[in-house]
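> One letter stands for each residue in the lines below.
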Amino acid sequence: MTTLEAAEAQSGGRRKSGKRPPWMESPNPLTQIVKAIALGISVLLVIIPFWSVLATSLASQQRINESAGGMIMWTNKPSFAAYKAVLGGGVVTRAMVISILITVVGTLLSLATTAGLAYWLSRKSFGSKPVLMLVLGAVLFSPGLIPSYLVVKQFGLLDSWWSLILPVMVNAFNVIVMRAFFQELPQELFESAAIDGASSLTILTKIVLPLSKAVLAVIGLFYAVAYWNAFFNALLYIQTTDKWPMALVLRTFVVNQTTIGGDQIQASEVIPPQLPLQMAILVIAIVPILIVYPFLQRHFAKGVMIGAVKG
Amino acid sequence: MGQTSVTRPVGEAVTETRPTESDDVRGSKFTRSLRRLSRDKLLVGIGLPGALVLILFQYLPLLGNVIAFQDYQPYLGITEAPFIGLQNFSFLWDGNPAFLNALVNTLILTIIQTVLVFPVPLFLALLLNSLAGERLKRLLQSILYLPHFLSWVIVVALFQQMLGNAGMLNTFLIQHGLPQFHVIGVPDLFKALITTQAIWKDAGWGTIIFLAALSQVDQQLYEAAAVDGAGPWKRLWHVTLPQLKGMFILLLILRLGNSLSVGFEQIILQQGPVGLEASEVLDTWVYNNGIIGGNWGMSAAAGLVKSVVGVFLVIGANKLAHVFGERGVYEK
Amino acid sequence: MSIFTKPRLSRRTLLAGAGGAAVIAGGASLTGCSNGSTAKTNTVAKNQAVKLPSYIPFTKIKPDLAGTEQGVDPAFRNWPTDNPKSVEEKPGTGKETISAMANIYYAVPPGPPKNTFWAGLNKRLGVDLKLQMVGNADYTQKFATTIAGSDLPDIMQMQTVANFPSLLDKRFTALDEYLGGDAVKDYPNLANIPETTWKSAIFNGKIYGIPIPRGRIGNYNFIRQDLFEAKGLSIAPKGYDELVETAKALTDPKKRRWAFGLINQPRQLLGRMNDEPNGWRNDGGKLTNTYETDEYKQTITDLIKMWKSGVIHPDAFDDSQPFKQLFNAGTVAINAADGYPGWIQYQQDNASNPKFKLGLMPAYNRDGSELAHWAYGTGVYSITSIKKQDNADHLKLILRVLNWLASPFGTEEYLFRLFGEEGTDHKMTNGDPVLTKTGQTNTVIPIRYLADAPYTIYVPGRPEDADTQHKYQALEIPTGIANPTIGLFSNASATKNATIDKNFNDGINQIIQGRKPISELDSLLKAWRSGGGDQMRKEYQDQLQKNGGS
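Residue numbers (our numbering), protein chains in the order written: chain A, 1 to 311; chain B, 1 to 332; chain C, 1 to 550.
If you are wondering where the hints come from, they were derived from the structure by calculation, not from laboratory data. Take the hints with a grain of salt, since some may be wrong.
Pairs of lysine to aspartate or glutamate residues, derived as EDC-like cross-links and limited to a Cα-Cα distance of at most 20 Å, are as follows [said to hold, decoys possible]: (1) C:Lys95 / C:Glu69; (2) C:Lys355 / A:Glu66; (3) C:Lys142 / B:Glu265; (4) C:Lys62 / C:Glu464; (5) A:Lys129 / B:Glu326.
Which residues of chain A face chain B? A partial, calculated answer using Cβ under 10 Å [said to hold, decoys possible]: (6) Pro29; (7) Leu30; (8) Ile33.
Bear in mind the structure is a predicted one, so any value in this text is a computation, not a measurement. Virtual Cβ for every residue (Gly too), placed ideally from N, Cα, C.
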C-alpha cells in the first residue's frame, strides 16, 4: 500500500462519539460544575433573546400594545400574520430561490478558487511570495464604493447575478487562513507523493483536500454565509427588483418600515404590526442556515486521526 | 498547531528530493525564472484563477483611491476631478479636537477589543473542546453562534428591549420599586456596552476556526501525554495550546491590520443617547464629518490612512512573531 | 463587523434610519462652488426672471371642504362619485420604454407581469415603465453611484447634493421650452401644480424638474385622544404651564407611559410655543438662525426641566427609537411634529384597537392667550429631473407620462394609480376604495415620487377624519410663518449643514440631559458658526438682498 492510499484510508478516521478514550481520566466534579455553569450562562444569554425574537414574531398588535410596543417573552394567542405577510406575496420565496442558487454556485466557485490559490501560495513556487503579498494587501486595502461600481459596470455585469459572485468570489482573509491550514499538513506526505511521481494536481486532490475537510468546511461556511446575507452589492448592481436576492428584499421590509415613512399610504386591509414583521423576517433569514450548518459542523467539530503517518 | 514530529521547516516544496533548479545556475535570472515557471506551471495554473479574480475586482478598483487626492464629485469622472494634493488629509494635522477625541476613543476600544474580546472565542473553543460528548458539543456550538447572524440593527434593538431604560429589565425593577439598572445611554459605560455587545454577537462564531484547528490535532498526542503522566491541565498547556498558537497569532496579526476599524455600524446606531464625545471613533467621525456632506475625497483619504497604518502594524507584528520563532502570516 | 472573521469595508455598511425624506430647495449659489462653472449662471437675478409654468388649477371635481390659497389642503369625505378623465390621449404608443429611479418606503413588489397593477399601468401609459426601486434608507448611496456611472435613467428622483446646480447643468435637461409660461398647457395636470411649488425646481435660471407637492402644514401634532380623555385632559393645553401639567398627568413609568417620545418632538412643540422663527429669522435682509435666538435658548431651558421631570421617554435620544410603534401602543401619548401624511397609517395600524382615538393638538403660545405661529413645511418632497438628451420626441413622451402620473384627486387616472384595478387591487366598500391584499403588495411602486398631484385630505371609510384634519389646518395655517430660505440654494448648506447640525444637536442633547451646563450653548454656537453657519448665512443673505428683501 502506498503512502497515498494509507493517507486516504486514514482521513476517514473518527473519534468515537460520546465515549471517553481509554487514556482520559474521569473528570473532576468541581471542574465539571464550573464548566457547566460557564456554558450554561453563555447559552442562556443567547437563548433568552432569541426566544424573545421568536415569541415577538408570533405576537398580535394587541399583544405588542400590552407590552408598551416592545418585545415579549410569551403570548397566549400566537398569530402567524407576520409570516403570512412576508411569505405570502411570492416575492420573498422567489428571492429565496435566487439566494440559494447564488449561494450554492458562489460557494463552490469560491472554494475552488480559494483552495487553488491557497495551495499555490502554501508551496515554495514561482510567484508564490509576491502573490502572497498581494493577497495580504487585499486584506488591508479595501476599494471604495464608486470605483467598485465603475469596475463592475465596465465588465458589463450590471443587473447580472455575476455581479454578486465575481467581486466577492475570492476573499483574501480566507485565502490566508486556508494557506495556514495547508502549511500544517505533514511534509512527509508531500515528499512520499513526490517520490511516487505525483503531480501538483494529484497531490492537491488526493492528499491535501481529503485531509483538509475541516478547513474546507469552515471556509465554505464563511463564504456561504457571506453570499446568503449579502445585500449591499445587490443594492448597487441589480436594477430589476425581480432579480433581487432575499437579503435585500428582507432588508427593505425591515429598514423601510421603521423609517419616518407612512408617506403616501392608502387605506387597505390590515397590515401586520411592524415589530413582529421584523422578527419574522429575522427568523426566516436564519432558518436556512440553521438547516445547513449541522452538515458542515461534523467536519470540524470532530477530531480526525492522522496517526497513520507516524505509524 | 502542527505535528510535533515535524522534522523539516514548513513551506519547502516537494521538489526537495529532485535536483533543485537552484543548483542549475546557467542562464540569466530571467531564464532561471522562466525555468521555475515552467517547472511549477501546474501549480501556478491551479492558483491563477483565484489570483486573477482578486486582482480584477479588488486591485483594479483600488486605483480609484486616487479620489483621496482629488476634489471629487460623482458627476465628474475620476479623470475630470481637480487634483488637490494632500488637502483631503488635512484632518490629520488640523488639530481638530473632535478628530483627536475620535482617535483616542478608537485606540482605547481597539486595545480593549484585542485584549478582552479577541481571546474569548479561544477560551470558549477550549471549553467546548473539553466536553466529551460530541452531540452536546455540537448543540452548544450551534446555539452560541446564533447571534452572529443578527445584523447590528437588530442586536442594538434587542439590547434596547432587554436592558434599555424602558426595557424589560428596568420595567420589572420599576414595577417592584427596585433601583434601576442603567447601562444604555450612560457615557461612561459606553465602551463597556460596546465590548459586551461585540462579545455576545461574535464570540460563538469565532470558535469555529479554533475548533477546526483543534480537530486537526492528532489524538495520539493526547494519549502519549497521558501515558507520560500529564493531567488534563498539563495536556492543555503542552498539547492543545501549542496546536492553536499558530492560528491565534495569525488571526491576531490580521486583526491588527484593521485595528483602526472598531465597529462602525454598531457604534453609529448608538451615538445619540451617549453623545459624540464618548462614542465617536474614526469611522464614525469620517462619516459624520465627511460622508454626510458628500465629501468622498476625505472618506477615501481616511480609508487610505487606516490601511497604511494597518500595513505598518502587520509588518511589525509579523516581524515580532518571527522573533518568537512563530511563522506569522508570511515567512521571511 | 466581527473582529474574528474577515474584516469588511466599514464605510460600505448602511444603516437603518440614516436616510430620510430628501427635501430640496432650489435656487442660487453665488460664493465659490468648487466647480464654479455655474456660479455665474445660477444667480437670483436669473432665477427670478424665469418664466414659471402658468397655474391652471383643475376644477372639474369639487372638494367637500375647499382648500385655501394660503395653503389649507382641500378635503374629501368620500370618494367622488364622478371620476372624469384628466388625460385625453394615451401618452405612449405601446412600443417605447422609459426608465426611472425613485425611493420606496415599503417592501418591494414583484415586477410585471406577475404584478398586474404594474402591467395595467404600462398599458394605460402606453409605455414599458422600467422603474428601479431603492429603499429610502439606501437612496443616497445609490444616487451617488448612479450619477458616477453616467448611465442615468430617463427620470430620476433627485436629492440635494453638493454643487447641485452644476450637476443639473451637466447631466439633466432644462424644461423651460416645454413647461415655461403657457407652454405647460400641453400638460394640464402639471399646470395644476401651484407656482410657489415650482420655485423649488428652478436652478441656473431654468426649470430643471417637476416638484412633488406637499401641503404647507408639513406636520401635525398627533395625540392619543383616548388617553387624554381618560384622564380628563383638554386636547388643547393653553400655555406652558398647562402643557407641563398635561404631560405630567400622562406620565406613569410604572405603567410604561410617557407623554413624549423622541426628543425632537417636544423641542418642536416648545419652539412654536416660545415663538422661535422657522429655520431663519429675516430682519430686513439680515438672517438669524433659529439656534442663535433667545427663544431657542428658552426652549432648551424648558427641555432641561422637562427631561428632569421625567415626562419624556427614557430612550428619547435614540434616533432609531420606534416612536410610531410606541404611539400605537399608548406608551407615548403625544407625537408632535410628525409628518402629516402619517394620519392614515396611524388609523390603519390601530384599526383593531377599539379604544384608539387619533387627535390633533393645536400649538398655543407661552401664556396661552392665542395660537402660536405655525412653522410651514417646505411644500415640496423632492423634484424629478429628466436626463440630458437631444431627442425632443422622447422628451415629450416623458412629459406626457409625468402628466398622466400627476393626475388630480378623484380622476379616473388617480383612482388607478393609487388603488389599481377594481376587483383585483381594490374593492369599493361603501363607495370608498379599499386595497385588497394583492393591491397592498402591488400598488406600492413609487410612481408618486416621479410626479404627483397636490395633496388632498381623504381617509377612506372615515369621512369624519376629513373634517378633523381640515379644521386643524384651517386653524393653524393662518398663523403660519415660512422659512425665508425656501427657494434658495446654498452650497455651504449642501456640504456642511449635515455635519455642523449633528455636532450642534449632539451638544444640545448633552445639555438637556444635564451633562453639560446651559452656558455650553455659547461655545456650541461658536463652533456652528465657524463650521459653516456663517457661510450659509452669507450665501442666503446675498440672494435675499439681490431680491430686494422678501
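> So, for every hint listed, does it hold in this structure?
Evaluated hints:
For the suggested pair lysine 95 of chain C and glutamate 69 of chain C, the alpha carbons sit about 41 Å apart, so the restraint of at most 20 Å is broken. With a C-alpha separation of about 13 Å, the suggested pair lysine 355 of chain C and glutamate 66 of chain A falls inside the 20 Å cut-off, and the hint holds. Restraint check for lysine 142 of chain C and glutamate 265 of chain B: the C-alpha separation of about 18 Å stays at or below 20 Å, so the hint holds. The straight-line distance between the Cα atoms of lysine 62 of chain C and glutamate 464 of chain C is roughly 18 Å, inside the 20 Å bound, and the hint therefore holds.
For the given pair, lysine 129 of chain A sits about 18 Å from glutamate 326 of chain B by alpha-carbon distance, which is consistent with the 20 Å threshold. Interface hint status for proline 29 of chain A: violated, as the beta-carbon distance to the closest one in chain B is roughly 13 Å, over 10 Å. Proximity of leucine 30 of chain A to chain B is violated relative to the hint, the smallest CB-CB distance being about 12 Å (cut-off 10 Å). Interface hint at isoleucine 33 of chain A: violated, since its Cβ lies 13 Å from the closest Cβ of chain B, which is beyond the 10 Å cut-off.
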